[in-house]
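Those sequence lines, one after another, are chains A and B.
Mapped onto my numbering, the consecutive letters of the first sequence carry residue numbers 806 to 916.
Mapped onto my numbering, the consecutive letters of the second sequence carry residue numbers 68 to 182.
Quick caveat, the hints were computed from the structure, so don't treat them as lab data.
No residue lacks a Cβ here, since even glycine has one placed at the ideal position from N, Cα and C.
Some hints here could point you the wrong way.
[Claimed, not checked] Here are the simulated PhoX-like pairs of lysine-lysine, each with C-alpha atoms no more than 20 Å apart in a straight line:
#1 A:903 x B:122
#2 B:87 x B:133
#3 A:874 x A:908
#4 B:133 x B:122
#5 B:131 x B:87
#6 B:108 x A:908
#7 A:874 x A:808
#8 A:903 x B:131
#9 B:87 x B:122
[Said to hold, decoys possible] Short, incomplete list of chain A residues facing chain B, as computed with Cβ under 10 Å:
#10 849
#11 907
#12 909
[What the hints assert, rightly or not] Some but not every residue of chain B turned toward chain A, in silico, with C-beta under 8 Å:
#13 110
#14 113
#15 116
#16 181
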Amino acid sequence: DAKTTQPPSMDCAEGRAANLPCNHSTISGNEYVYWYRQIHSQGPQYIIHGLKNNETNEMASLIITEDRKSSTLILPHATLRDTAVYYCIVRVMNRDDKIIFGKGTRLHILP
Amino acid sequence: GAVVSQHPSWVICKSGTSVKIECRSLDFQATTMFWYRQFPKQSLMLMATSNEGSKATYEQGVEKDKFLINHASLTLSTLTVTSAHPEDSSFYICSARDIGMSGYTFGSGTRLTVV
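Bound-form chain A, shown alone (with noise of 0.2 Å):
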């Protein structure tokens, strides 16, 4: 089971910031935070991942709170490009662990 709940949909109007909640109350030491996204009939494509502190690059930036038990993903200026699925994942990294998607939360870029 995927360790990791998240907010069904979302929407957000063109240009403001999209925050994408995550909450993985039971994530352990050692694993990491990843967002991936999914625009519609293609692969999942990486956005960003950290442990403990934020994290940003350029395409999005990452909030984990201090206890680590939920974190909030941030596009800074959304597009309709933007619209797909956004799942949040938690793992250990550098291991060939196998990633269980949750359901993801579908985010609605309003024009």
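Chain B: place on chain A using the hints.
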């Protein structure tokens, strides 16, 4: 960055025939690859773990004799859907991890339609 190529991107086959889907890591070697299946409006469901040079590990409920997996080299894994039926129609996706990368790279998927 790491690229995983999946072929074909779509295929239509007749009921009772077999279909082979290829998953290649283009610029890295992968000892382990994963195969997923996804039905419309549902999440990805892991089918099996493909291990180079050894037998695949199947998830509970996945028929290993129906979904044959071969991982003969460090850059190629194949999934063969044998005696396909309409209920096997789905979106099949593979993934692999480059040792130098921390995340998994996914193929673009294969849409199988069995008629």
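Hints, verified against the model:
1. Only pairs whose Cα atoms come within 20 Å are accepted, and residue 903 of chain A paired with residue 122 of chain B is accepted, the gap being roughly 16 Å.
2. For the given pair, residue 87 of chain B sits about 12 Å from residue 133 of chain B by alpha-carbon distance, which is consistent with the 20 Å threshold.
3. Between residue 874 of chain A and residue 908 of chain A the CA atoms are separated by roughly 18 Å; this keeps the pair inside 20 Å, and the hint holds.
4. Distance check on the hinted pair: residue 133 of chain B and residue 122 of chain B sit about 14 Å apart at the alpha-carbon level, within 20 Å; holds.
5. Distance check on the hinted pair: residue 131 of chain B and residue 87 of chain B sit about 14 Å apart at the alpha-carbon level, within 20 Å; holds.
6. At roughly 10 Å between alpha-carbon atoms, residue 108 of chain B and residue 908 of chain A fall within 20 Å of each other, so this suggested pair holds.
7. Taking the CA atoms of residue 874 of chain A and residue 808 of chain A, the gap is about 11 Å. The hint holds against a cut of 20 Å.
8. At most 20 Å may separate the alpha-carbon atoms for a hinted pair to count; residue 903 of chain A and residue 131 of chain B meet this at roughly 18 Å.
9. Of the pairs offered as hints, the one joining residue 87 of chain B and residue 122 of chain B holds, with about 17 Å between alpha carbons and a cut-off of 20 Å not exceeded.
10. With its C-beta approaching chain B no nearer than about 5 Å, residue 849 of chain A sits inside the 10 Å limit, and its interface hint holds.
11. Given hint, residue 907 of chain A at the interface with chain B, holds; its Cβ is 6 Å from that chain's nearest Cβ, closer than 10 Å.
12. For residue 909 of chain A, the interface hint holds, the least distance from its beta-carbon to any beta-carbon of chain B being 6 Å, beneath 10 Å.
13. For residue 110 of chain B, the interface hint holds, the least distance from its beta-carbon to any beta-carbon of chain A being 5 Å, beneath 8 Å.
14. Proximity of residue 113 of chain B to chain A holds as hinted, the smallest CB-CB distance being about 6 Å (cut-off 8 Å).
15. This hint holds: residue 116 of chain B has a C-beta 6 Å from the nearest C-beta of chain A, less than the 8 Å allowed.
16. At its closest, the beta carbon of residue 181 of chain B sits 18 Å from a beta carbon of chain A; the interface hint therefore is violated under the 8 Å criterion.
The structure fails hint 16 only (numbered hints given earlier).
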